[in-house]
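Protein chains in written order, with this note's numbering: chain A, 133 to 478; chain B, 133 to 478.
Hints listed in this document are in silico derivations from the structure and should not be mistaken for laboratory results. One or more of the hints may lead you astray.
It does not matter which identical chain is meant; a pair holds if it fits inside one copy or across any two.
[Unchecked claim] Distance condition first, Cα-Cα at most 25 Å in a straight line; then the derived SDA-like pairs of lysine to any residue:
id	residue 1	residue 2
1	LYS276	VAL235
2	LYS364	GLU435
3	LYS364	GLY229
4	LYS364	THR158
5	LYS364	ALA193
6	LYS219	GLY346
7	LYS364	ARG183
8	LYS276	LEU211
This structure is a prediction, so every number in the text was calculated from the model and none was measured.
There are 2 protein chains.
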Amino acid sequence: MTTTTQIRMAAYPVGMPQDSDFETATVELPELGDGQVLLRTIYLSLDPYMRGRMSTAKSYAAPLQPGDVMLGATVCEVLESRAEGFKAGDIVLAYTGWQTHAVADAEHLRRLDPQQAPVSTAVGVLGMPGFTAYAGLLEIGRPKPGETVVVAAAAGPVGSAVGQIARVKGARAVGIAGGPEKCRILTETYGFDAAVDHRSPTFADDLAAATPDGIDVYFENVGGPVTEAVVKRLNLYARMPVCGLVAGYNATERPAGPDELPGFMRRVLTLSLTIRGFIQSEFVPTHYKAFQQDMSGWIRDGEVNYLEDIVDGLDNAPEAFRGLLTGRNVGKLLVRVGEDPTGKDL
Amino acid sequence: MTTTTQIRMAAYPVGMPQDSDFETATVELPELGDGQVLLRTIYLSLDPYMRGRMSTAKSYAAPLQPGDVMLGATVCEVLESRAEGFKAGDIVLAYTGWQTHAVADAEHLRRLDPQQAPVSTAVGVLGMPGFTAYAGLLEIGRPKPGETVVVAAAAGPVGSAVGQIARVKGARAVGIAGGPEKCRILTETYGFDAAVDHRSPTFADDLAAATPDGIDVYFENVGGPVTEAVVKRLNLYARMPVCGLVAGYNATERPAGPDELPGFMRRVLTLSLTIRGFIQSEFVPTHYKAFQQDMSGWIRDGEVNYLEDIVDGLDNAPEAFRGLLTGRNVGKLLVRVGEDPTGKDL
Numbered sequence: 133m134t135t136t137t138q139i140r141m142a143a144y145p146v147g148m149p150q151d152s153d154f155e156t157a158t159v160e161l162p163e164l165g166d167g168q169v170l171l172r173t174i175y176l177s178l179d180p181y182m183r184g185r186m187s188t189a190k191s192y193a194a195p196l197q198p199g200d201v202m203l204g205a206t207v208c209e210v211l212e213s214r215a216e217g218f219k220a221g222d223i224v225l226a227y228t229g230w231q232t233h234a235v236a237d238a239e240h241l242r243r244l245d246p247q248q249a250p251v252s253t254a255v256g257v258l259g260m261p262g263f264t265a266y267a268g269l270l271e272i273g274r275p276k277p278g279e280t281v282v283v284a285a286a287a288g289p290v291g292s293a294v295g296q297i298a299r300v301k302g303a304r305a306v307g308i309a310g311g312p313e314k315c316r317i318l319t320e321t322y323g324f325d326a327a328v329d330h331r332s333p334t335f336a337d338d339l340a341a342a343t344p345d346g347i348d349v350y351f352e353n354v355g356g357p358v359t360e361a362v363v364k365r366l367n368l369y370a371r372m373p374v375c376g377l378v379a380g381y382n383a384t385e386r387p388a389g390p391d392e393l394p395g396f397m398r399r400v401l402t403l404s405l406t407i408r409g410f411i412q413s414e415f416v417p418t419h420y421k422a423f424q425q426d427m428s429g430w431i432r433d434g435e436v437n438y439l440e441d442i443v444d445g446l447d448n449a450p451e452a453f454r455g456l457l458t459g460r461n462v463g464k465l466l467v468r469v470g471e472d473p474t475g476k477d478l
Numbered sequence: 133m134t135t136t137t138q139i140r141m142a143a144y145p146v147g148m149p150q151d152s153d154f155e156t157a158t159v160e161l162p163e164l165g166d167g168q169v170l171l172r173t174i175y176l177s178l179d180p181y182m183r184g185r186m187s188t189a190k191s192y193a194a195p196l197q198p199g200d201v202m203l204g205a206t207v208c209e210v211l212e213s214r215a216e217g218f219k220a221g222d223i224v225l226a227y228t229g230w231q232t233h234a235v236a237d238a239e240h241l242r243r244l245d246p247q248q249a250p251v252s253t254a255v256g257v258l259g260m261p262g263f264t265a266y267a268g269l270l271e272i273g274r275p276k277p278g279e280t281v282v283v284a285a286a287a288g289p290v291g292s293a294v295g296q297i298a299r300v301k302g303a304r305a306v307g308i309a310g311g312p313e314k315c316r317i318l319t320e321t322y323g324f325d326a327a328v329d330h331r332s333p334t335f336a337d338d339l340a341a342a343t344p345d346g347i348d349v350y351f352e353n354v355g356g357p358v359t360e361a362v363v364k365r366l367n368l369y370a371r372m373p374v375c376g377l378v379a380g381y382n383a384t385e386r387p388a389g390p391d392e393l394p395g396f397m398r399r400v401l402t403l404s405l406t407i408r409g410f411i412q413s414e415f416v417p418t419h420y421k422a423f424q425q426d427m428s429g430w431i432r433d434g435e436v437n438y439l440e441d442i443v444d445g446l447d448n449a450p451e452a453f454r455g456l457l458t459g460r461n462v463g464k465l466l467v468r469v470g471e472d473p474t475g476k477d478l
């Protein structure tokens, strides 16, 4: 009999998730049924959207219930299989959440080839974050050569991919990040044309200097004061794919006034702006195959780079998750829950 | 020598335009040059967008300068012509603004056929307001059969066309207007499926009752509290063409808090909303011909009705314009500046 150690949501957080909002339990897993596999978690992906699921606010997905295992994409090793096409030792992309082991239906798994790419990229640049950047930028943002694309949280896995894809498409890429170290990474590692530190007291002026021709695409994944500064520089017909608003995820009350919505809508009207919220899953049926081909090619050709921030041990997931929500990490945040048998060089 | 009496913008209004923001002058017109015609104004169109041009806020069009003739579309009679293809007695669509006469380049004119449709419709249901409804609803709103389309200022020339086109396309049309008389017109004259009075203390509940399946398209031309109530009922993937925000056109300061923008953006994200500002001119090259054909056909077949609110005398234009901004008129607001020689039955 195999057991799994799980981290569950104990209660809906009010504001930043506290340790008391999580609980750890070790339980026995059921016997394998036909078509199922037993999985051991190698990497757990931590992503901002998880905060949204820890809330009962109306959304595109049902909220977690107290007592549910925290959800999340994982890279796992198959320990035992009763499913055709899967055998012990296979590495798979799964969605088994914050736990060490799981029994999963094989139909929801995708087998990974460690020879093609490091398996951790299946939850990063070659997975959901990379696809979010690809689909949102190309299908909604639609940058033209010479246009200016701005993205915030630019040192993160979505933002860094947005900037690099923008450059592949011939656009000027401007990244916004917190602090000089992240800004250095934007230009040196990711090849952004310019980087702007939103913590600087001269942020608004720096942004203006970095976008002399205004902004044609703002890839929105942050919200808050950064967005307000960006919106003032949007050009006629600018496009704004909205895939996240991490600055407000822990908000417990509506911010004080003045009310910025009427002014925002006036810009939407007078500049013929397009604001479009999206979840990457909307574009999976139509664009995922092209994404895999394009992104693999860009990585191979050195046009897209990526960084990973790997935290060891499932116990550290809550603290790492809080860091994610406050911008502490650089690169794709992963928890290494168990040994990586593909011997990836970290 | 012909003279013209003009109403000019004397100063940028602060809030609602006052009489002192306008000035009247009578001046001599220049001699006709080659390719020009002398025009006598029959109808002047009054439209909310004019308030936006009386402001230096960044916009899609240059602002009026103090001393400029108030702008606007007109239906005119040609008194004298030095342009090929135009002769005295022709009725034309022009853009000569708030004045009794003008000299205009013929290349900017469109000749109207009084046998085809009342000439006043060239600035109404068959002109800019009708085309705004057509392009915004069909190109941005894209209603599917069975979906729910909501429009505010629904008794106006844009809103009434939106609702009727929505019904042509098989959608449920719900109109919002101020007061029971306008609401009665919505269902009786324009055939809306339901009408909701935004002045009613039970407005939010009435809107919910009128949209039992939520809202798929909100055609935005008002802003303010009406919009806030509508947004709460938007469905996943709802679309919001934004062609006007008349509720805020006279605002002199940012409204007090709380700040509604973060909550609005959260809905954009979690419901994958599309918000798209537009000016009808964007779609003229691609859609104007189809609009003329479709709309003429719908009027002929009785699928689209229209009402006009005609004020006599150029002197009354400022007061009529203020009424437009506060929702006093019903139907397309026109100023009859001079006699209509087509003998239209009013």
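Hints, one by one, checked against the model:
For a Cα distance limit of 25 Å, the shortest separation of LYS276 from VAL235 qualifies neither inside one copy, at 46 Å, nor across copies, at 42 Å. Neither within a single protomer nor between protomers do LYS364 and GLU435 lie at most 25 Å apart by alpha-carbon distance, with minima of 31 Å and 43 Å respectively. For the homomeric pair LYS364 and GLY229, neither the shortest alpha-carbon distance inside one copy (40 Å) nor that between copies (32 Å) is at most 25 Å. When the C-alpha separation of LYS364 and THR158 is checked against a cutoff of 25 Å, the pair qualifies neither within a copy, at 51 Å, nor between copies, at 41 Å.
Taking the shortest alpha-carbon separations for LYS364 and ALA193, only the inter-copy value of 17 Å comes in at or below 25 Å, while the best intra-copy value is 32 Å. In this assembly of identical chains, LYS219 and GLY346 lie within 25 Å of each other by CA distance neither inside one copy nor across copies; the values are 54 Å within and 47 Å between. Taking identical chains as interchangeable, the C-alpha atoms of LYS364 and ARG183 lie at most 25 Å apart only when they sit on different chains, with a minimum of 22 Å there against 29 Å within one chain. Taking identical chains as interchangeable, the C-alpha atoms of LYS276 and LEU211 are never at most 25 Å apart, the minima being 48 Å within one chain and 49 Å between chains.
The structure shown violates the earlier hints numbered 1, 2, 3, 4, 6 and 8.
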